[in-house]
Amino acid sequence: MESVVGANGWVDRKSRPVVNGRFRVGPMIRFSQFGAVYHGFFLSFENVNAEYPALIHESEVYKRLKGGAGISKVRWIGVEGDHNALVMDVMGLSLDDFFTCCSKKFSLKTVLMLAEKMINRVEFVHSKSFLHRDIKPENFLFGAIKQPNEVNIVSFSLAKQYRDTSTHQHIPYRLVACFILSVLSLLFNCLYFQ
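According to full-length UniProt numbering, the sequence shown is numbered sequentially starting from 1.
These are calculated hints, taken from the structure and not from any lab test.
Even glycine gets a Cβ: it sits at the ideal position worked out from N, Cα and C.
Some clues are possibly wrong.
Label-pair distances were calculated between CB atoms; the ranges are [claimed, not checked]: (1) Asn-47 x Asn-149: 33 to 41 Å; (2) Ile-56 x Ile-171: 19 to 27 Å; (3) Lys-128 x Pro-53: 19 to 27 Å; (4) Gly-67 x Leu-131: 15 to 23 Å; (5) Asp-97 x Ile-119: 27 to 35 Å; (6) Val-111 x Leu-131: 18 to 26 Å; (7) Ser-166 x Tyr-52: 23 to 31 Å.
Full structure from sequences and hints, please.
Here it is, written out as structure tokens:
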């Protein structure tokens, strides 16, 4: 899919691919180790031969979280060419982008309003027996035109079930990796908690 993206990040209108015959790919929003995110509805792509199929895992988590406040609706998941594709409702700015737009300053009122919504989103994810494991400003997005004050939590590619859903018993702990933190998250914490 990257071959149709121009230097400015916008896809040439004439060559914009269509996913599942109905979702037109727009400009790239961001690129990560797990794949690229494009504007359209909200499209994510990864190579079909990915060693760890993050989008398949992510779509399963979204199915389990379906209907919760701040959880985006998955419109379609499937294979398009040689890419797995995940199509979700379009969303607005990330918390990180919004912070930048506000000259990197929030009022106390804004901080409290955002904190309450973000805590509620994480609490809901935990109530469904999952740990997000990639909490950072880029993974909280504002709603689009119809719900601009809504705060959504996204990017469940690293999410992990921590308890049995029927018994609510904690799944036995296995020491595989002590922490999973992104470089951006570490930088964010260093900058703001000096």
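Hint-by-hint comparison with the structure:
Taking the beta carbon of each, Asn-47 and Asn-149 are about 36 Å apart, inside 33 to 41 Å as hinted. Distance hint check for Ile-56 and Ile-171: the Cβ-Cβ separation is about 20 Å, which falls inside the suggested range of 19 to 27 Å. Separation of Lys-128 from Pro-53 is about 21 Å and conforms to the stated range, judged on CB atoms against 19 to 27 Å. Distance hint check for Gly-67 and Leu-131: the Cβ-Cβ separation is about 20 Å, which falls inside the suggested range of 15 to 23 Å.
In this structure the hint that Asp-97 and Ile-119 lie 27 to 35 Å apart at CB is violated, the actual value being about 21 Å. Here the CB-CB span from Val-111 to Leu-131 is close to 24 Å, well matched to the stated 18 to 26 Å. For Ser-166 and Tyr-52, the hinted distance range of 23 to 31 Å is satisfied, since their beta carbons lie about 27 Å from each other.
The earlier numbered hint that this structure contradicts is number 5, and it is the only one.
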